[in-house]
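Q: Here is how the chains run, residue by residue.
There are 2 protein chains.
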Amino acid sequence: MRIAVLGTGGVGATLASAFVASGHEVRMGSRTAGNEKAVAWVAATGDGASEGTFADAAAWGELVVNATGGLVSVDALAAAGAENLSGKVVLDVSNPLDFSDGFPPQVVQPDGRSLGELLQATFPDAHVVKTLNTMNSDVMVGPRALPGTHAVFVAGDSTDAKAVAADLLRGFGWQSDEIIDVGGITAARGLELYLPLWLSLMGSFGSPAFNVSIVRA
Amino acid sequence: MRIAVLGTGGVGATLASAFVASGHEVRMGSRTAGNEKAVAWVAATGDGASEGTFADAAAWGELVVNATGGLVSVDALAAAGAENLSGKVVLDVSNPLDFSDGFPPQVVQPDGRSLGELLQATFPDAHVVKTLNTMNSDVMVGPRALPGTHAVFVAGDSTDAKAVAADLLRGFGWQSDEIIDVGGITAARGLELYLPLWLSLMGSFGSPAFNVSIVRA
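In order, the protein sequence lines correspond to chains A and B. Each residue of the first sequence is one higher than the one before, counting from 39 in the working numbering. Each residue of the second sequence is one higher than the one before, counting from 39 in the working numbering.
Take these hints with a grain of salt, some might be off.
Listed below are several chain A residues computed to face chain B (Cβ distance under 7 Å; list not exhaustive) [to be verified]:
no., residue
1, G186
2, V220
3, R227
4, G228
5, M240
6, G244
7, A247
8, F248
9, V250
10, R254
Which stretches of chain B does chain A cover? Using the computed rule of at least three CB atoms under 8 Å from a CB of chain A, they are [unchecked claim]:
no., stretch
11, 82-94
12, 144-152
13, 225-231
Treat the hints as calculated values from the structure; they're not laboratory data. Because the structure is a prediction, the values reported are computed rather than measured. Every residue gets a Cβ at the ideal spot worked out from N, C-alpha and C, and that includes glycine.
Let the sequences and hints guide you as you build the complete structure.
A: Right, dumping it as structure tokens:
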């Protein structure tokens with residue numbers, strides 16, 4: 039599949055590399071073509087890797103991943119172009135965290151609405167799936183590096199889009215019974231609001247190499 | 039130990055009964071003495087159970103549990119009396135959820151501060167420990183009804199108070215390695231903000247008989 043990864047940070051690069059390793063073609067999108075980090079990622083990755091503007095990448099991709107900073111994601115996807123997202127699955131892995139008052143950051147959810155919902159409302163012809171935002175990027179693409187079973191959540195209004203997301207997750211090594219559908223895109227609220235607990239746990243453990251598992255009766 | 043449980047709802051009654059079953063004496067506190075639910079709980083429980091006003095219960099108790107609704111907890115503890123909380127461990131198991139706009143509810147954290155922090159700031163001579171708010175009350179007092187190991191979190195500024203909380207948790211059947219210290223009372227933010235995810239999971243599973251476990255590398 040042709041996958042556009044919007045965002046050149048650590049999460050975007052880790053996901054982009056893992057998609058290429060899974061046999062997909064990836065174009066990394068950024069605000070301007072020739073972004074230094076994107077060019078370096080293409081050079082390091084080789085076959086299957088390319089880069090361009092947000093709009094170049096989104097127009098080319100069959101699926102789009104939002105790995106931009108959560109506070110700028112609406113702007114980034116607007117730059118990508120609503121027409122380039124239309125009818126496509128958009129995996130939103132971002133977190134709308136405001137660190138301007140220091141640690142712990144605030145989760146920014148105006149009027150209590152999540153970023154996932156805001157993206158879906160702003161780009162109604164896209165199929166937004168919130169997923170993978172609840173863990174470190176190494177865990178996202180390497181779940182088997184942790185012992186036992188643990189959980190990755192998907193939230194979105196389209197069942198078909200969540201099935202596409204689940205296929206990609208299995209490509210990273212996630213087992214089907216570890217992929218937990220938490221409901222429509224409204225459930226992105228809980229997935230984003232989980233981040234402060236994740237940050238507290240990271241502080242307690244001194245490491246991001248952990249994840250939650252769900253234990254049921 | 040003499041334990042004051044403030045609040046006559048399902049969580050308060052479940053905790054109060056479990057404390058009595060563990061060999062503690064419990065006084066259930068409510069806004070007025072002779073509260074119908076409190077009287078019924080005393081009658082059903084027998085030895086070790088009593089009831090009274092918030093202030094009666096808090097003055098009598100060596101430890102105080104806040105099991106009132108999160109939106110009225112500051113008022114309830116003010117009615118209990120700062121002098122009756124002074125020097126005591128206050129276990130805050132409440133969640134500041136506003137259901138006035140329907141489901142999912144909003145987590146009420148004015149200026150981004152948790153209820154746990156607000157209680158600690160309002161009653162600076164109490165030793166507030168946020169715990170147990172991340173699960174159904176049957177799981178709180180009966181962790182072994184779920185398979186395997188899972189997690190209960192404690193957050194608070196006093197290490198001694200967290201140790202007292204851990205002793206009480208062990209009395210319910212929690213294992214020491216399941217009790218995860220997430221830091222100072224500021225970490226109550228994450229514990230309270232987890233609730234929307236818990237509610238989504240409950241909706242997906244159709245049951246509250248679940249909990250999170252932490253998987254570490």
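Q: Does each hint hold? Answer for all of them.
A: The hints, checked one at a time:
no.: 1; hint: G186; result: holds (6 Å)
no.: 2; hint: V220; result: holds (4 Å)
no.: 3; hint: R227; result: holds (5 Å)
no.: 4; hint: G228; result: holds (3 Å)
no.: 5; hint: M240; result: violated (10 Å)
no.: 6; hint: G244; result: violated (11 Å)
no.: 7; hint: A247; result: holds (4 Å)
no.: 8; hint: F248; result: holds (4 Å)
no.: 9; hint: V250; result: holds (5 Å)
no.: 10; hint: R254; result: holds (4 Å)
no.: 11; hint: 82-94; result: violated (count 0)
no.: 12; hint: 144-152; result: holds (count 3)
no.: 13; hint: 225-231; result: holds (count 5)
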